[in-house]
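Chains A, B, C, D, E and F are the protein sequences, given in the same order.
So the first sequence is numbered by the working numbering: it starts at 1 and just counts up by one.
So the second sequence is numbered by the working numbering: it starts at 1 and just counts up by one.
So the third sequence is numbered by the working numbering: it starts at 1 and just counts up by one.
So the fourth sequence is numbered by the working numbering: it starts at 1 and just counts up by one.
So the fifth sequence is numbered by the working numbering: it starts at 1 and just counts up by one.
So the sixth sequence is numbered by the working numbering: it starts at 1 and just counts up by one.
Hint data in this document are derived by calculation from the structure and do not stem from the laboratory.
Where hints are given, some of them may not hold.
To be verified - Straight-line alpha carbon distances no greater than 25 Å define the calculated DMTMM-like cross-link-like pairs of lysine to aspartate or glutamate that follow:
id: 1; chain 1: C; residue 1: Lys169; chain 2: A; residue 2: Glu111
id: 2; chain 1: B; residue 1: Lys185; chain 2: D; residue 2: Asp270
id: 3; chain 1: C; residue 1: Lys169; chain 2: A; residue 2: Asp270
id: 4; chain 1: B; residue 1: Lys185; chain 2: A; residue 2: Glu183
id: 5; chain 1: B; residue 1: Lys185; chain 2: E; residue 2: Glu236
id: 6; chain 1: A; residue 1: Lys185; chain 2: B; residue 2: Glu256
id: 7; chain 1: D; residue 1: Lys290; chain 2: D; residue 2: Asp266
id: 8; chain 1: C; residue 1: Lys169; chain 2: A; residue 2: Glu183
id: 9; chain 1: E; residue 1: Lys171; chain 2: C; residue 2: Glu229
id: 10; chain 1: B; residue 1: Lys171; chain 2: B; residue 2: Asp203
id: 11; chain 1: A; residue 1: Lys185; chain 2: B; residue 2: Asp266
id: 12; chain 1: B; residue 1: Lys237; chain 2: A; residue 2: Asp26
id: 13; chain 1: A; residue 1: Lys237; chain 2: C; residue 2: Asp26
id: 14; chain 1: B; residue 1: Lys290; chain 2: A; residue 2: Asp270
id: 15; chain 1: B; residue 1: Lys169; chain 2: D; residue 2: Asp266
id: 16; chain 1: D; residue 1: Lys185; chain 2: F; residue 2: Glu154
id: 17; chain 1: C; residue 1: Lys237; chain 2: E; residue 2: Asp26
id: 18; chain 1: F; residue 1: Lys237; chain 2: F; residue 2: Glu78
id: 19; chain 1: A; residue 1: Lys185; chain 2: F; residue 2: Glu183
id: 20; chain 1: A; residue 1: Lys185; chain 2: D; residue 2: Glu78
id: 21; chain 1: F; residue 1: Lys171; chain 2: E; residue 2: Glu108
id: 22; chain 1: F; residue 1: Lys171; chain 2: F; residue 2: Glu236
id: 23; chain 1: F; residue 1: Lys171; chain 2: E; residue 2: Glu78
id: 24; chain 1: C; residue 1: Lys185; chain 2: F; residue 2: Glu183
id: 25; chain 1: D; residue 1: Lys185; chain 2: B; residue 2: Glu229
id: 26; chain 1: D; residue 1: Lys17; chain 2: F; residue 2: Asp90
id: 27; chain 1: A; residue 1: Lys99; chain 2: A; residue 2: Glu170
id: 28; chain 1: E; residue 1: Lys185; chain 2: C; residue 2: Glu229
id: 29; chain 1: F; residue 1: Lys237; chain 2: D; residue 2: Glu154
id: 30; chain 1: E; residue 1: Lys290; chain 2: F; residue 2: Asp270
id: 31; chain 1: F; residue 1: Lys169; chain 2: E; residue 2: Asp90
id: 32; chain 1: D; residue 1: Lys17; chain 2: F; residue 2: Glu79
id: 33; chain 1: A; residue 1: Lys290; chain 2: C; residue 2: Asp266
id: 34; chain 1: D; residue 1: Lys290; chain 2: B; residue 2: Glu256
id: 35; chain 1: B; residue 1: Lys290; chain 2: A; residue 2: Asp26
id: 36; chain 1: D; residue 1: Lys185; chain 2: F; residue 2: Asp203
id: 37; chain 1: B; residue 1: Lys169; chain 2: D; residue 2: Glu207
id: 38; chain 1: F; residue 1: Lys290; chain 2: D; residue 2: Asp266
id: 39; chain 1: D; residue 1: Lys17; chain 2: F; residue 2: Asp97
Residue strings, one per chain:
Number of protein chains: 6
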Amino acid sequence: MRPNRRNHSRPLNGLQKERTGIPGFDEITLGGLPAGRPTLVCGSAGAGKTLFAMEFLVRGATLYNQPGVFISFEESNEELTTNVASLGFDLNQLIVDKKLVLDYVFIERSEIEETGEYDLEGLFLRLGHAIDSIGAKRIVLDTLEALFSALPNEAIIRAELRRLFRWLKEKGVTALITCERGEGKLTRYGLEEYVADCVILLDNRVENQISTRRMRIVKYRGTSHGTNEYPFLIDEKGFSVVPITSLGLSHPAPTEYISSGIARLDTMLDGKGFYRGSSILVSGTAGTGKSTIGAHFVESACARGERALFFAF
Amino acid sequence: MRPNRRNHSRPLNGLQKERTGIPGFDEITLGGLPAGRPTLVCGSAGAGKTLFAMEFLVRGATLYNQPGVFISFEESNEELTTNVASLGFDLNQLIVDKKLVLDYVFIERSEIEETGEYDLEGLFLRLGHAIDSIGAKRIVLDTLEALFSALPNEAIIRAELRRLFRWLKEKGVTALITCERGEGKLTRYGLEEYVADCVILLDNRVENQISTRRMRIVKYRGTSHGTNEYPFLIDEKGFSVVPITSLGLSHPAPTEYISSGIARLDTMLDGKGFYRGSSILVSGTAGTGKSTIGAHFVESACARGERALFFAF
Amino acid sequence: MRPNRRNHSRPLNGLQKERTGIPGFDEITLGGLPAGRPTLVCGSAGAGKTLFAMEFLVRGATLYNQPGVFISFEESNEELTTNVASLGFDLNQLIVDKKLVLDYVFIERSEIEETGEYDLEGLFLRLGHAIDSIGAKRIVLDTLEALFSALPNEAIIRAELRRLFRWLKEKGVTALITCERGEGKLTRYGLEEYVADCVILLDNRVENQISTRRMRIVKYRGTSHGTNEYPFLIDEKGFSVVPITSLGLSHPAPTEYISSGIARLDTMLDGKGFYRGSSILVSGTAGTGKSTIGAHFVESACARGERALFFAF
Amino acid sequence: MRPNRRNHSRPLNGLQKERTGIPGFDEITLGGLPAGRPTLVCGSAGAGKTLFAMEFLVRGATLYNQPGVFISFEESNEELTTNVASLGFDLNQLIVDKKLVLDYVFIERSEIEETGEYDLEGLFLRLGHAIDSIGAKRIVLDTLEALFSALPNEAIIRAELRRLFRWLKEKGVTALITCERGEGKLTRYGLEEYVADCVILLDNRVENQISTRRMRIVKYRGTSHGTNEYPFLIDEKGFSVVPITSLGLSHPAPTEYISSGIARLDTMLDGKGFYRGSSILVSGTAGTGKSTIGAHFVESACARGERALFFAF
Amino acid sequence: MRPNRRNHSRPLNGLQKERTGIPGFDEITLGGLPAGRPTLVCGSAGAGKTLFAMEFLVRGATLYNQPGVFISFEESNEELTTNVASLGFDLNQLIVDKKLVLDYVFIERSEIEETGEYDLEGLFLRLGHAIDSIGAKRIVLDTLEALFSALPNEAIIRAELRRLFRWLKEKGVTALITCERGEGKLTRYGLEEYVADCVILLDNRVENQISTRRMRIVKYRGTSHGTNEYPFLIDEKGFSVVPITSLGLSHPAPTEYISSGIARLDTMLDGKGFYRGSSILVSGTAGTGKSTIGAHFVESACARGERALFFAF
Amino acid sequence: MRPNRRNHSRPLNGLQKERTGIPGFDEITLGGLPAGRPTLVCGSAGAGKTLFAMEFLVRGATLYNQPGVFISFEESNEELTTNVASLGFDLNQLIVDKKLVLDYVFIERSEIEETGEYDLEGLFLRLGHAIDSIGAKRIVLDTLEALFSALPNEAIIRAELRRLFRWLKEKGVTALITCERGEGKLTRYGLEEYVADCVILLDNRVENQISTRRMRIVKYRGTSHGTNEYPFLIDEKGFSVVPITSLGLSHPAPTEYISSGIARLDTMLDGKGFYRGSSILVSGTAGTGKSTIGAHFVESACARGERALFFAF
């Protein structure tokens, strides 16, 4: 007996969440990303990190009226705008509407060579200015490695990562930071995921020559969440994650009939034929007329002016 | 014949243990964590190390009247409080009641760069003060790497680890120290587990896109313990470990009957129908009426005002 | 409901693409390589990187009237010309026609030892001159490692890679840069693929002593693309990729008949024999005459003056 | 024909062995550990190295009148005493009886930093004193890494290992030295096992969530030995190894009968029923009464006042 | 439609090839090694690299009248001569006939220590002299690592490799350079295969305790070639590679008969018995006389004075 | 047709071999080790390297009248003598007879630290003296790593290995040098096997908890040899290798009969019973009397005074 445990299943009350507006994702995370905290999105090249981050900003601006800032270290503003046009996002309009700021930070080789690293303080100034200019509530940094790859060792990386996260939390913005996968590790240095409050892994595995996109919430401090790997799609409407639990048992039972194309068979089927929408298995040994039944069915569909597909092997 | 061996199975008398109050865990460890000694909890990001450690403190304070100290190097007091609210823990009340101290130690980059490492002596002072302030019996350090990642080599890490453990033992507190997994190793440096008296591994493997949480007692000096991998859950009531041995053979034989929904079938079944709670397999070739029997059964349940689930494939 | 999403599937409008003229490849990429941007082609030795890059230039010059520049760090102009002759490419004629410039850059050991690296600025000058001399629209650099292997660390490589890509984009040329695979990584340093806009992997795996060439579009910013692994061939006509989707269901139903070689069997088959182009399965236990039927069929074909293949096991 | 070979299988005469008193182990090693030589015991954390070493000393002191010395670099005397109490060992009594010396050597960080390594000569002095104080014949060093982790390279480690082993041999003591496993290697440096005369591997693999303890004699110069992996147990009586060869074919044939619980079945079985101790397989299709026969059997056992287990699936 | 593609399959015209005279190899490579270019032969110890290289020279000298030079860094002239005698090669006669030069270059430790590497210029002088002395057309360097293992980093190795290959090409000789395999890589440094025009891998895998020699053409610039793994043999006549394609369907149909040894069976078989050269399957349940039929067959063969093998299991 | 190939299979004439006297090994190597050349024996700890090397010397001294020298860097003369006594080798007598010299070379840490390596010249002097003192024809160095582990890099190791091998060849002795396995490599540095003329691998794999000793001739310059893995044994008579080819088809057909123990069955078997030495399969469904027939057979054997084994499952 454990007297101090509460026996009623009350709603979670600690952590505030920010909806991303990405279908499926908010279901898996039971509400979205942790509000006012930074989240890591890691994945290999081509996994969709930048698109995920950008959709987070665009949905925030358009659905939830939260302005956003995108700090890019690799793609120029023009390139970014072009690249996300395929998802139907019109960044220029959002910028005009003061809903979005794109800031492309180009780090010169000389900056790395002279100081041994890019200066975080300078970034904070620039970032703060961008946030304040539109009252941003969401921010993306793409990508962590551009900032941190010149740091000399793991202890320093850990300390600077903590400093960056601290600064973002104090600013009160919900942040998304992309980072690259290491060899056999979630992240390049294998420590970023320990410091972060929330870690999302985007994966694009090739198995038997077929590639499949999958997402996993590796870690999410302060909340329950779906822990499995979920398939996701990127199409012309953006991201969509397919949580298993959202596959509802909601198909209505069929009530309409459709002729089998064979009168006597229809007669045997209560005089009505097949239920529309049902799957019919025709079984029999070679030569007993399976293909012929199928052909009758298809032909009758065509005769009614309907379209039909006939697959023969 | 071995004359010096004691032939009677007497109770273990050497090591004192401290109950954690976590369901299942105290069964696996035959009593809890080693009292007055440090224990390592290792696991990858998102494995639940911090939650396990915090539940150890909260249960100690509420169930066993043992005040506790939580030293955090990554999460601020506010964040910690928020993050464990989802488990139903009210840290603020415990702090007010002098049952808990949260201490957030933020290590600056400059500290690492100047001294090459964070100073353990300073930590001991701060830690000693926190312990004494509420007469703490339990302590958590979250996480080892924050302290040790700047140490220059394995020999130094080993020596400092020994020093830290020695200090904790002299203080007489039961300590829990979280540490991160290395690549293909239990711990980051692969030596922490040799120095520790007790090592617990939290795991969150993904197999076939499904994630499962498992716990293992890797090592526990001075006692027998369960050595297998045990599944565990984290839900709104906290941790619960499922030791195999706790699955008792305690189901009572069913004595009540329930109608099959088909009068003649009930007659064949001694006039009573199925045993309530039993599993009925209906077997037959296609078209012999299996689905129909199931439908009758479900319908009769509904007719009695009971709820029924009907799965059709 | 997501009000901001466009419900109609409109054509992609952001990114311009440049057709390669390589059969199958333009289908997979929905139009070719990203126009005015650099693309990485990575693969192990013998994967076909150089041939792919050269075909990109030759097809551009001959099919799309786009002059091209090939910068080689490993093969001299004569060697290159010889090596691609097997694909039927006549580079000398293209050079005479001002459609192609070959430039062989030989990096001396002393250049590496003195400066620690090959000077990118010098390359830009030389490259710019080659581009301007024929108004090139396409450019190939073969291979990245020849330029970058002397760079001291990952942060510098990342910065220089960004500089090279930036320069190429400003020049407005569609660039193809070959790079070598690392151990268990796509690229030698494991970061090139993150910086690039488009990454193509050529693979030549040996499984069960059989080698198969496969291609994969690892990443393509700003567009949808086929993401699976596609087999490809290199033969005397160059590359050809076999996208699964291009296998059309376009076979006409057979209407001609061909004698089985056995009069009574033809009679049973409506007096006509087999459909020409169909596959006939002759089944029966040992000794029932399967081989004999096959032999009759083959013999009758020969008697008609047709050629036949008879495989016996 | 090989004339110089001795054709008779005479007993081994070269190497003297020291019985450990651990059940099963002395059978596998054909007599115990090499007398007057050092043996390595390697294994990962929690494998049971310290317990094995301590049982070697305790059995030596109590069964064979050989005093022993335990040099610990990690556990204090009090901790060691507590930790092995669970095996039923009373170290304090052995110390009072001058049968055992525990010596806890704590290596400070400063010792490592100043000299680059712990001084072996100092250890020899301290060790020699402990041995002479009780005329010890057995000695344990727990653990090698505590001594050697600060050595700068493999050549030095090899030389120092040779020096340590040489010193122990000259002292004439039978030594057991524990050492940690490396990644994918038997030992941390991968060379300790080459220098040692005898190497024992303790393993604690987890397969399918079940952990099993296994022991292997990797190497034993100068003698034949069992070479397979042998399961072993650690329980409240200490270690016990299960050599396959000790599973004798010594079951007596059953001669007593036990009723099947069904009179007519007993009649069919010569009027006597089953042999006591035999396994009865009852086979039949569903519904033919298999469970009923089992239930009769169990019921008749209970009726006779015997206890019975009935497993139903 | 691709207008610029040539529709006729014309012979390759670019690259000249040099026949090796090794059976099977010239078929796989469609003509031999690239004339006037260097080729890498890589493989692990015992793979047959030196033998392959030597047979290339010996066949060149004896079959194609091309004198050759063998530069050895590991085996003296006497040793080489002895080692290839098992293949039936008489090197001394070839040397007397001015068809072969053996040059053993012994690199002293001091040369490596003083200059950090062996001087390539000195090698070129020595090599040029050997080539000119007999007008050599073929050359072997055995082995690359002897020259390059002292080079300080990958960029230098790459540059020097390019310089060596350039020098060889300018000399116009067809060169074969052996090199060692790295761990999980084709070559020791993992870059040699990128610089080379042609790369041959010799393999000697052990699977299920059986070793099999296999060869693969990893890369061959400027030509098509067999890309699979081909088994090969080394016997007293040298190398022979077994290309799958050389297994012709050229067996003539058998026309001769041979008695089954059983008169009545012969009668059933048209009075003639079996076709000589055919495989007869005798099938039946145990005890139906299968072995007896086989024994009759064998006995009758022996009675005719023929030799027979009878395998019984 | 290849005119220059010799069509007759003449005996190998190049390389001289020295018989080891180890049963099976001389068959696999077609005559033993390469005379006057060094051979590497590599294997992990406990593989039997030292025993193999010592048997090579002992057999040489006793069977072939070739005195031998054993240079040990790890085991003292007394230890070696003790360790091989289990194989029935009396080293002391061989030493008295001037057939063997044991020389234990102990390398001090100071020698490594001062000179960075053990001096090879000093070893040559000492080795030369030992060889000359008894006119040794065979020599063993146990083990390479003791000499070479202090060398600073691969280029130096390669050069020194070449120097050592050169010196041994000039001395004209047949040498055996033991060396340790590396991680995933045949040897510690992965280059020793390339420099050596002959490489033997001893293996002691554990599969499914069962260990098996296997030997493989990885490389043998100048001769054909068995290339598979061969199981071998170490017992009280020394090594014996089991080449597959030595399992001759030489069993005589059985001619003697043995009663089945059942008179009527013997009658059915021509009145004689089973052939002695044959395997009898008794097949039947459960309860048809299989065990009973076996029991009769065994009982009749016992009745004849013969011993019988009856395995029942």
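*Go through the numbered hints given earlier and state which of them the structure violates, listing their numbers in rising order.*
Violated hints (numbers, rising): 2, 3, 5, 6, 8, 9, 10, 11, 15, 20, 22, 29, 35, 37, 39; every other hint is consistent with the structure.
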